[in-house]
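Q: Take the given structure of chain A and dock chain B to it, following the hints.
Just so you know, the protein sequences line up as chains A and B, in that order. Number 87 in my numbering belongs to position 87 of the first sequence; there are no gaps in the numbering. Number 118 in my numbering belongs to position 118 of the second sequence; there are no gaps in the numbering.
Mixed in with the good hints there might be a few duds.
[Stated by the list, open to error] The list that follows gives simulated cross-link-like pairs (lysine-lysine, DSS-like), each with its CA atoms no further than 30 Å apart:
(1) K136(A) x K117(A)
(2) K206(A) x K159(B)
(3) K213(A) x K159(B)
[Claimed, not checked] To list a few chain A residues with every Cβ distance to chain B over 10 Å, as calculated:
(4) R12
(5) L32
(6) F39
(7) N48
(8) S53
(9) Q85
(10) L93
(11) I115
(12) M128
(13) R130
(14) R144
(15) Q178
(16) T183
(17) W210
(18) Y215
Since the hints were made in silico from the structure, they are not lab data. Computed from a predicted structure; not experimentally measured. Where a beta carbon is used, it is the ideal one built from N, C-alpha and C, also for glycine.
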Amino acid sequence: MNFDWNVIWTHRGALWDGALMTVGLTVLTMLLAVPGGIFLALMRLSSNKLLSSASLAFVEFFRNLPLILVIYWAFYVMPIAFDVQFSALTTALVALVLNVSAYNAETFRAGINSIRKGQMEAALAMGMSRRQAMFKVVIPQAARRILPVLASTWISLFKDTSLVSVIAVSELAYTSMQIRAQTFRVLEMLTAMAAIYWLMGYPQAKLVDWIHKKYGVKE
Amino acid sequence: MDVDFSPIIENWRFFAGGLGITVLLSVISAATSILAGLVIALLRLYGPRWLSVALVFYVDTMRAIPILVVLVWIYFAFPLLAGVTFPPFWAALVGLTLHIAAYASEIIRAGIESIRPGQTRAGLALGMSRAQILRKIILPQATIRMLPAFGSVLTMAIKDTAIATVIAVPELMHRAETVAGQSYRPVEVFTTVMVLYFLVLFPVTRVVDRMYQKLAHLGRS
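Just chain B, with the same shape it has in the complex:
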């Protein structure tokens, strides 16, 4: 077989732009997911009972439905119901956040619950308010324990943004499809993009693994 990488070299700016959108979308959606996850976790732990039941239902629903289905529904079906349309990037951001926040909330809940209740009681005995205890005792310790897991959220976000190609977000995966279709060189294009994704993801997972090893003992109480 003949190999021809010229379509990739000619379109390198197009690919670089796609990579930029992939990185931007995954970093923003990881950040919004962690923020939303924190709110969900706190409401589940300290909020009223009915709200926590509703949030458990939401989290389990997101664990049951594929991200592809969430993205497609938000982009194609939701506008028919609500009468507003989102551009693909924003639909993807909303869909990814809805999906990943459910996982992030579980990580944060487990992190908060891992701080022994004796510490809360000690704080109360010292006359601290519940909010003070959360801010000064629980969250600082829990955050260190959760840091590596937040890294996992980022890798999850990077991989999931590739699925946003189905709603035509012009990220790396979608641009690969475009160039592969125009140049009839799918093997070269997809192989190159595979290397690109690997080069982005591998350092992130390496850092996450290092963090698991380095930080594991710090959070111990």
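Isolated chain A (complex conformation):
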């Protein structure tokens, strides 16, 4: 059997664009899903029963579905529900943001709840307003606990962007598999795809470990 590894070099431009799209999707999704998660967490913690059950239902629903199914569903249902044709990229972004927001909401909620009640009470007793107590006492401490979890979610998201290849968003996985189909260089292209993901993902995994070590909570 002969392999032709030149195929990777000749298609370097497309692979580069695919890798950029993967990174772009990850960054954009996280930028939208962090506010989304905060919003859902605040809804969940509010004293309004309706808001908190709506947030709970949303979070439980999207945490209990395979992401690939949410992507397909968004692809077929969004155009009918809104009567507009969305680009594959928009659809992918919506599906990813829905999924990651649900996870982020749990992260923020757990982070805020992990700060003992006594601290809030102590701050109030010292004459701080509820707002001051939240922003000066609770959130700075919660942030340290939230950061490592967000970092783990980030790397899952980075990998999950590969799933949007099923609706033809030209990120790294889709691009590689397209080149494979055009050139019939199956082993070369699939190995290149895995190698590029590895090159991008491995340092991120190590960085996440470092963040966990630096900020992780020791019990």
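A: Relative to chain A, chain B alone:
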């Protein structure tokens, strides 16, 4: 818009079969992943140094590469290299196990390391061998602590089997695509399948959450 669920009702056996394969594949791959994870964790903790370096590299690699890429590589690329072909189900089982075992090994390692070293020293002082200490003192306590996390491995496996659709494993997700394509009723089909997945996953995550609450204090030493 008109709604027509008849393609789903007509094909209910087809969907039920797909659901069966989803459950079978996820239960088997969760079990093989936990077994493989146990071996990896023990070799990392008690094995020779070079082996533990290699295993760390393997675990971090699996954390860096998407499961989709692992599945596609094993199904399409590996046969070209090795000259043997797997049926999709077995390729999916191998790919899922390779991927999930890396996560399971981290859970098990953390569980074993959470048992205080004083207990090992006490065991040694009583004249027990290292293997006896592992079997009689460490693993029984660690297993209770790890039980809820094993449940999380199962939910992870159920969600990941849906990705095996890309290598044409005839599980629920793949059958949904087939019926959606033939009947031109993707909205109804994918919505139904969404409900089915939710009905499978939700009770599992509920039980896992309950276990976290109920068992948390048992493992404390």
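Q: Each hint: holds or not?
A: Status of each hint after checking the structure:
no., hint, result
1, K136(A) x K117(A), "holds, 14 Å"
2, K206(A) x K159(B), "holds, 25 Å"
3, K213(A) x K159(B), "holds, 29 Å"
4, R12, "holds, 19 Å"
5, L32, "holds, 21 Å"
6, F39, "holds, 22 Å"
7, N48, "holds, 23 Å"
8, S53, "holds, 15 Å"
9, Q85, "holds, 15 Å"
10, L93, "holds, 18 Å"
11, I115, "holds, 19 Å"
12, M128, "holds, 33 Å"
13, R130, "holds, 29 Å"
14, R144, "holds, 20 Å"
15, Q178, "holds, 13 Å"
16, T183, "holds, 14 Å"
17, W210, "holds, 12 Å"
18, Y215, "holds, 17 Å"
Of the numbered hints given earlier, the model fails none.
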